[in-house]
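J.: According to this note's numbering, the sequence shown holds residues 68 to 351 in order.
Everything labelled a hint here was simulated from the structure, so no lab data went into it.
Treat the hints with care, as some may be off.
[Stated by the list, open to error] Here are the simulated distance ranges between beta carbons:
| id | residue 1 | residue 2 | range |
| --- | --- | --- | --- |
| 1 | Gln91 | Ser327 | 45 to 55 Å |
| 2 | Ser128 | Ala261 | 19 to 29 Å |
| 3 | Leu301 | Glu231 | 22 to 32 Å |
| 4 | Gln290 | Lys90 | 35 to 45 Å |
| 5 | Glu302 | Lys344 | 35 to 45 Å |
| 6 | Gln251 | Gln294 | 42 to 52 Å |
| 7 | Glu232 | Ala261 | 20 to 30 Å |
| 8 | Pro140 | Thr315 | 12 to 22 Å |
| 9 | Gln86 | Ala189 | 29 to 39 Å |
| 10 | Thr287 | Gly131 | 48 to 58 Å |
Using N, Cα and C, we set each Cβ at its ideal position, and we do this for glycine too.
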Amino acid sequence: MARLYVIGGTGTVGSLVVQELVKQRGTQVTVYARSPAKVLQADNVTIVQGDLDDLTPFEKSISGHDRLFLLVPDRSDLDKIMITISKTAYVAGIKQILDISSTTLPSRTFSIDHKHHVAEEAIYAIPKRSAYISIRPTNFMTNTLFLVHTIKNHDFIMDSADPEELQEWISPFDIAQVAARILQDPIEKHGDAAYELIGDLKTPLQRAFILSNVLGRTITYKQVSAQELYDHFLEFTKNHNISYFLSTFQRSNPVTRGLSVLLGGRIPESYETWATKNKQAFLK
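Between the sequences and the hints, there should be enough to build the whole structure, so can you do that?
T.: Okay, here's the thing in structure tokens:
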């Protein structure tokens, strides 16, 4: 029986990974969570209550598992936590760690990105370790949910980008699908791979047009300053690093050509598909 350990299994991506893993026959999933009530209940799910400030419950329960799914939210000691967890896991016999990291950017461009990559380099350098997979998603389509208020009440989306500026997007559903598939593939198939995930490119005007069609009313685009957008995100996230990234991230690399391969032949979820699936959040 395959035994998988999950850290970060109650958030947007992690919960989808757990949903996919529990469908697999002969798979036992252990979820490490601060709030057990948020974990998917299933016969093949075991819950270990604990948090990242005290890893004692993790240290006592990791032995006997084959693989580890690791998703650590932004925090000042993110790199140290990731390194500690990985070292403990390898010593306990884990054969593969799959980490949800962040998109590849020039060194130290963003603090949240930099801490992930510091951790990656340190984990790669662990002597005699087993496999380490890094998943590097770009801007989440779900970040549109930070604009629910402006869309529902004022019929506009806002960004600091030029109206015709292409922006990278990825569906959390696709991130989870890629992760779940890798965790079920033979370990040697992926080795120490690092996969960057870009699922769609859309300009702000294109996103407004898509939302207009999906919602059946006109949604416009309002370009604001980076400061105004930062203040908006900070009100919701209460986190400088996340708010700075969301309000200033500027890149438009092509859609990841190999993403459909990682998805088993399925085309990546488009922004329009994501918006259609989540239209209830924006209805008045």
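J.: Tell me, which hint numbers fail for this structure?
T.: 1, 5
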